[in-house]
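Participant: Chain by chain, the residues run as shown.
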Amino acid sequence: MNALLRRLRAELFATPADGALSVALIMLLSLGAFGFLRWALTQAQWAVVKVNSTLFAVGRYPIEQQWRLWLLTALLVAASGATWGLLRAHPRPDRTGVLWPRNDRLALVLLALIALALPSALGLTLAIQTRWWGLLLLLALCRWLAGRFGANLSSTGRRLAALVWPLLYLVGMVLISGGLGLVTVSPSEWGGLLLTLLASSFAILLCFPIGVLLALGRRSELPLLRWGSVLYIEFIRGAPLITLLFLGQNILGFLLPGGLAPERVWRAAWVLTFFAAAYLAEAVRSGLAAVPRGQLEAARSLGLSYPKALQHVVLPQALRVALPAMVGQFISLLQDTTLLSLIGLLELLGTARTVMANPAFLGRNGEVYLTLAVLFWGCCAALGLSSRALERRLDPHAVPSAT
Amino acid sequence: MAPVPPADPAPRPATPPSPPWWRDRRIVPWVVQAVVGLLVLLLIAFLLGNLIRNLTAAGLLLSWRWLQQPAGFDISESVIPFNAQLPYWRALAAGLVNTIRAVLVGLVGATLLGTLVGMASFSHNGLLRRLARVYVEVVRNIPLLLQLVFWYFVVFLTLPNGLAAIQLPGVVLAKSGLYIAGFGEGLRWMGPSLVNEVWQAPLRLSVEFGALLTGLIVYSGAFIAEVVRGGIAAVPKGQWEAASSLGLSWFATLRRIVLPQSLRVIVPGLNTQYISLAKNSSLAVAVGYTDLYSVAETTLNQTGRAVEVILVLLAAYLTLDLLISALMNGLNHLVQIRER
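Respectively, the protein sequence lines represent chains A and B. Using our numbering, read the first sequence as starting at 1 and increasing by one per residue. Using our numbering, read the second sequence as starting at 1 and increasing by one per residue.
Bound conformation, chain A alone (with noise of 0.2 Å):
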């Protein structure tokens, strides 16, 4: 207690006028939350989120198809708890591996808060709480699995598991677009958080290789391929995406063959791909500086091909020093969906529009941006939390942990 004390009083009323600071900073800090609080309880409707829940998370995807996404929830779910287990049952060989670490059944905790909460919150039906809870019980079990039985799993097995992921990219666009047997459902009738989420993640996957190859591309000693890559990333950094996307949606008709250009929607996730490949590549361009030029060298000189050489040896560590500029690019480009909603299109931020010019919902601005905010900073916080995880994981010179 006394310790609390002291610390308060170093903190925040070292002196007089720390102290009349701080006192002011508080009151401000409580009048507005005093004054949030009171629209939040009071004055707010939020019927427009309750109401609208299942327009924001898929828009108009066909109900009789709904099925579809939620086994595809559900598979997401149980490869993010396998791949978690696996991770806690095979940690580094220099750290030492605690498979509930405290941070771990923290989260477990807060996701289950919310798998509980809120449903009932939104007002969905009993079977749709229900299936949030299954949801919930499948990452528990499947986390649990893999983290008793995952220490047998061979190296050559735990490759094999890496693989899921890009097979489930797949099987996840087979199940939302349709094809193969099942219904098509057309990108004109996705939205809210599926189409936000779908053209990050296309965005992401493709831009990577794009962007590490404008990158090399930049520090060739070869002139042509420098200069097309510099020409390339500096004119795509010097336009405001809206513009980009503006072009895309009125000049790539014009450009392709008649009855060729892509629909709305992906030539929308195309230029995306193409304008983050850009800023992408000068994150991997200054991880590549960070590598001594002597790396290569010594690579070549014990006879890799080029190729090999940074496939191996230069570009691992590349890509370590550039993975917090990585995901800080990723954040943004997730961030960046919303200008779809200027050019027509109904992710989260378009749905939300279309959501406000019903008669019904007139003047709930507030309560919806709300949302929307809270929701972009979750995922975009936990893109943030999930990069600093994974630069610990690999960092080479990292000493052992107790937690």
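Hints are computed from structural coordinates only; laboratory data are not their basis. Any given hint could turn out to be false.
[Unchecked claim] Across the chosen pairs, the derived CB separations fall in these ranges:
id: 1; chain 1: B; residue 1: E197; chain 2: A; residue 2: L362; range: 23 to 33 Å
id: 2; chain 1: A; residue 1: P262; chain 2: B; residue 2: P87; range: 49 to 59 Å
id: 3; chain 1: B; residue 1: R53; chain 2: A; residue 2: K50; range: 29 to 39 Å
id: 4; chain 1: A; residue 1: L37; chain 2: B; residue 2: G238; range: 43 to 53 Å
id: 5; chain 1: B; residue 1: T56; chain 2: A; residue 2: P209; range: 50 to 60 Å
id: 6; chain 1: A; residue 1: L37; chain 2: B; residue 2: L168; range: 18 to 28 Å
[Unchecked claim] Calculated cross-link-like contacts (lysine to any residue; reagent style SDA-like; alpha-carbon spacing at most 25 Å):
id: 7; chain 1: B; residue 1: K237; chain 2: B; residue 2: L127
id: 8; chain 1: A; residue 1: K308; chain 2: B; residue 2: P29
id: 9; chain 1: B; residue 1: K237; chain 2: A; residue 2: T15
id: 10; chain 1: B; residue 1: K279; chain 2: A; residue 2: N358
id: 11; chain 1: B; residue 1: K279; chain 2: A; residue 2: W270
id: 12; chain 1: A; residue 1: K50; chain 2: B; residue 2: V154
id: 13; chain 1: B; residue 1: K237; chain 2: B; residue 2: R256
id: 14; chain 1: B; residue 1: K279; chain 2: A; residue 2: T15
id: 15; chain 1: B; residue 1: K279; chain 2: B; residue 2: P20
id: 16; chain 1: A; residue 1: K308; chain 2: B; residue 2: W30
id: 17; chain 1: A; residue 1: K308; chain 2: B; residue 2: K279
id: 18; chain 1: A; residue 1: K308; chain 2: B; residue 2: R256
id: 19; chain 1: B; residue 1: K175; chain 2: A; residue 2: T15
id: 20; chain 1: A; residue 1: K50; chain 2: A; residue 2: A373
id: 21; chain 1: A; residue 1: K308; chain 2: B; residue 2: I27
id: 22; chain 1: B; residue 1: K279; chain 2: A; residue 2: W144
id: 23; chain 1: B; residue 1: K175; chain 2: A; residue 2: T42
id: 24; chain 1: B; residue 1: K279; chain 2: A; residue 2: S120
id: 25; chain 1: B; residue 1: K279; chain 2: A; residue 2: T42
Remember, predicted model here, so these are calculated numbers, not experimental data. Each residue gets a CB set at the ideal place from its N, CA and C atoms; glycine is no exception.
Following the hints, put chain B in place on chain A, whose structure we already have.
Facilitator: Structure of chain B alone, referenced to chain A:
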């Protein structure tokens, strides 16, 4: 004992066997470049061929004559005089001036806010320090477009009008606009005044401009705060200690010792942030402020001249970026520490 015959030196070839041509370091780079160059050229030729064929079919082959036709739409707020009878190029110019106005004011505001928050994260006061962190973490993880529509629809459009408007010293915030004190007729200082239920002031900003500015300043301010924080953190701790042992206060230490030294780290980072602020100003279209992009969109919808309009847009933003870069590079030369 038989004498050991002298070891016969292995016959050495006069020149090492030349590698096959596909591994020859003199040839391979050129082959790679030729192949890549050819592919790119083919792609460009293919796209351009399609473009010309499709544009001819649509009767929209590149032409700039439409720039002289009357625009036919009005711009609600324009620094340079504009009306619907004036030609398209005047409309685009008015949009560009509006963009530059937003960018300039935004730059100044975001720099001030960012510097203050960046300094606050080194404060002795724990609460202030944490508030600065929270501000940066909250703002950076929410999309700018969402913030802009929030400021516009939730804050500025719900402001009261008339007597109920928010009145601060020298500034009045109302739904009909933001009224700021200034020099009126005859260089007399005039505050905002209510005449027949309508506010009047020497300087009136529209709520659209206000929302755009607030959004841009709050968003860019968070990024600039991080740049400033990084710059201050790069100054050795000994500088702080030396200054305070000389009796300088916290603020004087920052202003006279630490900030001047951190500028050489801060300025290159600011360059990136300023350019992205200029590009982000194109989101003004979401809050109804007629900037260059918004005028260009209307122009395209009316004339169908997609290629020309895009070219104008790209050229304008590229020029703006280059201008900012050039200015910041000049500044960078000024603040670098000159060593012997």
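Participant: Each hint: holds or not?
Facilitator: Hint check:
Against the hinted window of 23 to 33 Å, the Cβ-Cβ separation of B:E197 and A:L362 comes to about 25 Å, which satisfies the hint. For A:P262 and B:P87, the Cβ-Cβ distance of about 36 Å falls outside the hinted range of 49 to 59 Å, so the restraint is violated. For the pair B:R53 and A:K50, the beta carbons lie near 52 Å from each other, so the given range of 29 to 39 Å is not met. Hint check: A:L37 to B:G238, Cβ distance near 46 Å, so the stated range 43 to 53 Å holds.
Taking 50 to 60 Å as the suggested C-beta distance range, the pair B:T56 and A:P209 does not conform, at roughly 36 Å. Here the CB-CB span from A:L37 to B:L168 is close to 25 Å, well matched to the stated 18 to 28 Å. Restraint check for B:K237 and B:L127: satisfied, since their Cα atoms lie roughly 22 Å apart, inside the 25 Å limit. The straight-line distance between the Cα atoms of A:K308 and B:P29 is roughly 17 Å, inside the 25 Å bound, and the hint therefore holds.
Distance restraint check for B:K237 and A:T15: the Cα-Cα separation of roughly 22 Å lies within the 25 Å cut-off, and the hinted pair is therefore satisfied. Distance hint between B:K279 and A:N358 is unfulfilled; the C-alpha atoms sit about 32 Å from each other, more than 25 Å. Annotation: proposed proximity of B:K279 to A:W270 holds, straight-line Cα distance about 20 Å (limit 25 Å). For the hint linking A:K50 to B:V154, the alpha-carbon distance of about 20 Å falls within 25 Å, and the restraint holds.
A C-alpha spacing of about 15 Å is found between B:K237 and B:R256, which places the hinted pair at or below 25 Å, so the restraint holds. Using a Cα cut-off of 25 Å, the hinted pair B:K279 and A:T15 is violated, with the two alpha carbons roughly 44 Å apart. For the hint linking B:K279 to B:P20, the alpha-carbon distance of about 51 Å lies beyond 25 Å, and the restraint is violated. With a C-alpha separation of about 20 Å, the suggested pairing of A:K308 with B:W30 holds against the 25 Å cut-off.
The hinted pair formed by A:K308 and B:K279 fails the criterion: a straight-line CA distance of about 39 Å is larger than 25 Å. Of the pairs offered as hints, the one joining A:K308 and B:R256 is violated, with about 52 Å between alpha carbons and a cut-off of 25 Å exceeded. Of the supplied pair hints, the one linking B:K175 and A:T15 is violated, its CA atoms being roughly 42 Å apart against a limit of 25 Å. At most 25 Å may separate the alpha-carbon atoms for a hinted pair to count; A:K50 and A:A373 meet this at roughly 16 Å.
Between the alpha carbons of A:K308 and B:I27 the distance comes to roughly 20 Å, so the proposed pair stays at or under 25 Å and holds. With a C-alpha separation of about 48 Å, the suggested pairing of B:K279 with A:W144 is violated against the 25 Å cut-off. Distance check on the hinted pair: B:K175 and A:T42 sit about 24 Å apart at the alpha-carbon level, within 25 Å; holds. With a C-alpha separation of about 42 Å, the suggested pairing of B:K279 with A:S120 is violated against the 25 Å cut-off.
Of the pairs offered as hints, the one joining B:K279 and A:T42 is violated, with about 39 Å between alpha carbons and a cut-off of 25 Å exceeded.
Of the numbered hints listed earlier, those contradicted by the structure are 2, 3, 5, 10, 14, 15, 17, 18, 19, 22, 24 and 25.
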